[in-house]
Structures are given as structure tokens and as C-alpha cells.
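The UniProt record's numbering applies: residue 1 is where the sequence shown begins, and numbers increase by one.
Please keep in mind that the hints were generated in silico from the structure rather than gathered at the bench. Just to be clear, a hint being listed does not mean it is correct.
To be verified - With a straight-line Cα cutoff of 20 Å, these simulated DMTMM-like cross-link-like pairs (lysine to aspartate or glutamate) come out: (1) LYS113 to ASP144; (2) LYS127 to ASP101; (3) LYS123 to GLU137; (4) LYS113 to ASP226; (5) LYS218 to ASP191; (6) LYS167 to GLU79; (7) LYS127 to ASP226; (8) LYS294 to ASP119; (9) LYS178 to ASP257; (10) LYS159 to ASP144; (11) LYS142 to GLU79; (12) LYS205 to ASP191; (13) LYS127 to GLU137; (14) LYS205 to GLU249; (15) LYS142 to ASP191; (16) LYS127 to ASP227; (17) LYS105 to ASP226; (18) LYS105 to GLU213; (19) LYS113 to ASP257; (20) LYS205 to ASP227.
Being a predicted model, the structure only gives us computed values, none of them experimental.
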Amino acid sequence: MRLNYHHLQYFYAIATHGSIAKASTFLHITPQTLSSQLQKLEEQLGYKLFDRIGRKMQLNAMGNVTYNYAKEIFDLGDELQNSLKNHSQKFAFQFSIGVTDVIPKVFSFNFLKNIYTMDNSIKLICKETQLDTLLGELAVNKLDAILSDTSLPVHSAVKAFNHVVGKSGMSFFATQNKANDLEKNFPHSLDGVPFFLAGEGTNQKINVLSWFEQIGVKPQIIGEFDDSVLANYFCQANYGVCCAPTIIESHVLEQFDLSVIGRTNQIMEHYYLISPERKVKHPAVQHLLNESRKLFPQ
Numbered sequence: 001m002r003l004n005y006h007h008l009q010y011f012y013a014i015a016t017h018g019s020i021a022k023a024s025t026f027l028h029i030t031p032q033t034l035s036s037q038l039q040k041l042e043e044q045l046g047y048k049l050f051d052r053i054g055r056k057m058q059l060n061a062m063g064n065v066t067y068n069y070a071k072e073i074f075d076l077g078d079e080l081q082n083s084l085k086n087h088s089q090k091f092a093f094q095f096s097i098g099v100t101d102v103i104p105k106v107f108s109f110n111f112l113k114n115i116y117t118m119d120n121s122i123k124l125i126c127k128e129t130q131l132d133t134l135l136g137e138l139a140v141n142k143l144d145a146i147l148s149d150t151s152l153p154v155h156s157a158v159k160a161f162n163h164v165v166g167k168s169g170m171s172f173f174a175t176q177n178k179a180n181d182l183e184k185n186f187p188h189s190l191d192g193v194p195f196f197l198a199g200e201g202t203n204q205k206i207n208v209l210s211w212f213e214q215i216g217v218k219p220q221i222i223g224e225f226d227d228s229v230l231a232n233y234f235c236q237a238n239y240g241v242c243c244a245p246t247i248i249e250s251h252v253l254e255q256f257d258l259s260v261i262g263r264t265n266q267i268m269e270h271y272y273l274i275s276p277e278r279k280v281k282h283p284a285v286q287h288l289l290n291e292s293r294k295l296f297p298q
């Protein structure tokens with residue numbers, strides 16, 4: 001049976017004010033009615049929630065557990081009201097999203113720009129940093145969602161949902177002359193070739209190195225970059241080979257004087273939208289998930 005939140009509210013008032021008499025005055029309900037509603041809640045839960053000490057009502061162990069949950073529920077309700085009340089009249093609503101700092105900027109842009117196809121009066125607030133930091137802000141409702149190349153860790157203390165946005169294979173780039181030579185026996189042609197890798201701790205670095213090991217190829221790693229654009233500049237200057245998700249391949253070719261050596265779907269970059277578990281679903285989150293299908297054609 002679904003919990004009766006009216007009964008829970010009456011219980012919360014009694015626990016907060018310390019007696020049925022004081023709670024009845026606060027709620028403008030007769031003590032008899034309030035006592036009856038409390039009894040119904042206790043029957044539904046299967047536990048007594050108070051110990052009576054004289055005229056006072058003192059929470060017992062199960063009462064304390066119930067009180068903590070009730071407080072969280074009603075605090076969230078107050079927060080929802082305040083949030084809606086405090087939105088600027090200039091904007092229909094505000095959408096705050098975190099983006100992990102390893103995701104290519106052009107992909108973040110192509111994904112997030114769809115928010116304005118929903119309503120061009122939306123105020124978009126975007127914060128870019130590491131996933132751990134963003135999860136902390138999601139936990140305290142400072143963010144509505146997180147765009148990440150990593151799913152929510154299994155043992156994370158943050159209660160949230162992973163929504164798969166899409167996935168992309170990997171493309172490898174070099175200057176045209178170098179690409180002409182290397183494409184003939186790709187990917188084995190990369191053995192011993194100077195190579196620029198993604199930065200420490202990124203999924204891309206882990207996945208690319210794992211793939212090289214699987215196929216028995218050992219490029220000469222001459223650089224690691226947190227900023228993939230900087231790696232592209234070094235690659236364009238003919239210092240070595242770089243790679244990027246195939247979903248942004250056309251952008252790399254437009255912005256840099258580079259050619260594609262080859263592609264593989266044995267390395268997959270996954271993208272997720274992480275949203276809170278116990279928060280009203282934000283319409284912008286659903287809109288972005290729907291629009292993401294256009295970025296990742298089947």
C-alpha cells in the first residue's frame with residue numbers, strides 16, 4: 001500500500017512540536033483527529049513511533065528513522081517551492097549541467113545546443129570539471145544533470161541514474177603525407193610511430209592502450225594531453241599521430257590540416273547523461289536525451 005503523506009505530515013508535526021496538543025493547534029486540527037491519523041500511520045508501518053512520557057510524545061527508535069525520512073521529504077518539497085519561486089522572470093527556467101572536462105568541446109556544444117530548440121529563453125549554466133566534483137554538486141541539487149564519458153561509479157554514494165546518450169568509435173589522424181603511408185597497413189602501421197595520447201586517468205587513454213596491446217602494436221608515446229585540441233596542433237605540426245572520437249572526425253578535419261589514417265569500432269567512447277534519482281525529472285534532461293539520437297545515427 002502506498003504511503004499516505006497526509007498521515008506522514010501529521011506525524012512530522014507531532015514529532016516537531018513534541019505533543020499532539022501543540023501540533024493540533026499548529027495544524028488547526030482537533031487532537032482527536034490528529035491522534036487517529038497517527039494511529040493509522042503506525043498501523044500502516046507496523047510500528048509504534050512514539051513513547052509517551054507524561055503528556056509528552058518522545059520518538060522511539062523507529063520513530064527517529066521515520067522522522068529523518070519525513071524531514072528529508074518535506075525539506076525537498078520546500079526546496080522545490082523555493083526553487084520555482086526564485087527563478088528569474090526573465091527566463092522560463094534555468095538548466096544547470098556539469099560536463100566532465102575530458103569530453104571534446106565540440107561534442108559538448110553539439111549536444112547542449114539542442115537545449116535551445118526546446119525553448120530559446122532557457123538560461124543554460126554549464127560547469128566543467130572532474131566527475132567526482134560534479135557528482136558532489138549533483139548530490140546537493142546544484143546541478144540538474146551531468147554529461148560524462150564515464151558512467152556513475154557502482155559504489156557511488158550519490159543516488160542517481162545513468163542515461164546512455166550514445167557511443168562512438170575512434171579515428172586516427174596525421175598529416176596527409178604521413179597518413180598516406182600509414183593507412184596502407186592500419187592499425188599495425190602505427191607500431192613504433194610517434195603518438196599523442198589522451199591525459200592520465202581518461203577512459204580514452206585506457207581504452208586506446210588496451211587496444212594497442214590486444215593487436216600487438218606499440219606506438220612510441222611522445223606526449224599525453226588533457227586538452228585534445230593541443231594534441232591536434234602537435235599532430236598538425238607533423239610531430240606524430242593523434243586520435244579522436246569518430247563522432248567529431250569531421251570537425252577535426254575542418255579545423256586542422258590533417259587526414260584520417262583509419263578508424264576502429266574496437267575502441268568505443270561512451271557518453272552518459274547522469275541525473276538525480278530523487279528529483280523531479282527535468283524536462284530539459286528528457287529533451288536532450290531525445291535529441292541525442294540525431295547525433296548518434298544507428
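Hint check:
no., hint, in the structure
1, LYS113 to ASP144, "holds (16 Å)"
2, LYS127 to ASP101, "holds (9 Å)"
3, LYS123 to GLU137, "holds (18 Å)"
4, LYS113 to ASP226, "violated (24 Å)"
5, LYS218 to ASP191, "holds (5 Å)"
6, LYS167 to GLU79, "violated (35 Å)"
7, LYS127 to ASP226, "holds (17 Å)"
8, LYS294 to ASP119, "holds (18 Å)"
9, LYS178 to ASP257, "holds (12 Å)"
10, LYS159 to ASP144, "holds (13 Å)"
11, LYS142 to GLU79, "holds (12 Å)"
12, LYS205 to ASP191, "holds (17 Å)"
13, LYS127 to GLU137, "holds (10 Å)"
14, LYS205 to GLU249, "holds (18 Å)"
15, LYS142 to ASP191, "violated (46 Å)"
16, LYS127 to ASP227, "holds (16 Å)"
17, LYS105 to ASP226, "holds (12 Å)"
18, LYS105 to GLU213, "violated (29 Å)"
19, LYS113 to ASP257, "violated (26 Å)"
20, LYS205 to ASP227, "holds (12 Å)"
When the structure is compared with the earlier hints, violations turn up for hints 4, 6, 15, 18 and 19 and for no others.
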